[in-house]
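**Q** Sequence order for the protein chains is H and B. Mapping the first sequence onto the working numbering, position 1 (from 1) lands on 1, and the numbers just tick up by one. Just add 1000 to the spot in the second sequence (first one is 1) and you have the working numbering.
Hints should not be assumed to be uniformly reliable.
Here are the simulated lysine-lysine pairs, BS3-like style, with alpha carbons at most 30 Å apart [to be verified]:
{"no.": "1", "chain 1": "H", "residue 1": "71", "chain 2": "B", "residue 2": "1042"}
{"no.": "2", "chain 1": "H", "residue 1": "11", "chain 2": "B", "residue 2": "1104"}
{"no.": "3", "chain 1": "H", "residue 1": "11", "chain 2": "H", "residue 2": "71"}
No lab work stands behind these hints: they were computed from the structure.
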Amino acid sequence: DTGVSQDPRHKITKRGQNVTFRCDPISEHNRLYWYRQTLGQGPEFLTYFQNEAQLEKSRLLSDRFSAERPKGSFSTLEIQRTEQGDSAMYLCASSLAPGRGGTDTQYFGPGTRLTVL
Amino acid sequence: QKEVEQDPGPLSVPEGAIVSLNCTYSNSAFQYFMWYRQYSRKGPELLMYTYSSGNKEDGRFTAQVDKSSKYISLFIRDSQPSDSATYLCAMGGSEKLVFGKGMKLTVNP
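So that you can see chain H by itself, here it is in the shape it has in the complex (with noise of 0.2 Å):
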């Protein structure tokens, strides 16, 4: 059983260009979110996807953000235009929704660290 991957692992960048993550859930699991972490503080929730269809999104996903699930597995994250506030650790987190079997328990992935310089 693998866990959920996330690819890249660490991406520098230049202010104003765009990055693109992607995200490899468990594979039975139909929920897919997308949380942003700053040192020093917990995990904030961005999106989320319940098999292709995004359900949620905080008003932290400015308009730069945009996040995809196109067949319900994995998902990508794009950012356009970074900007230095954008540097932050990306973590994909996958889970069972409740009335499949599951309990929606959120199992994470390592996360992309970005860095913008």
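We have chain H; now place chain B onto it with these hints.
**A** Using the frame of chain H, we list chain B on its own:
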């Protein structure tokens, strides 16, 4: 007031000590309560999960929830140097989780 408050520490204890980590919350809609452990530059790892008031034990770890006081705790018995990490409380309804800031624990041999 933040939805979830956690004393950020840091906390340093000798090996073998009993450690108590605590969080308070304000949202009565929270139904699920978790503790995650996070090593430096890694993703959070689920330690304990509970959805009812009372105690839940797993090896050296005990999670305690008091819904009437909106208070949760994690106890670590016989702490080991390998327990040195940041501990995050998290809670939610049926979807997104709201996390505390995390408590950095160091267990000294």
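**Q** Within a Cα-Cα threshold of 30 Å, do residue 71 of chain H and residue 1042 of chain B meet the stated pairing?
**A** holds (28 Å)
**Q** Below or equal to 30 Å on CA atoms is what counts here, so check residue 11 of chain H against residue 71 of chain H.
**A** holds (25 Å)
**Q** If you draw a straight line from the CA of residue 11 of chain H to the CA of residue 1104 of chain B, is it 30 Å or shorter?
**A** holds (26 Å)
Consistency note: the structure conflicts with none of the earlier hints.
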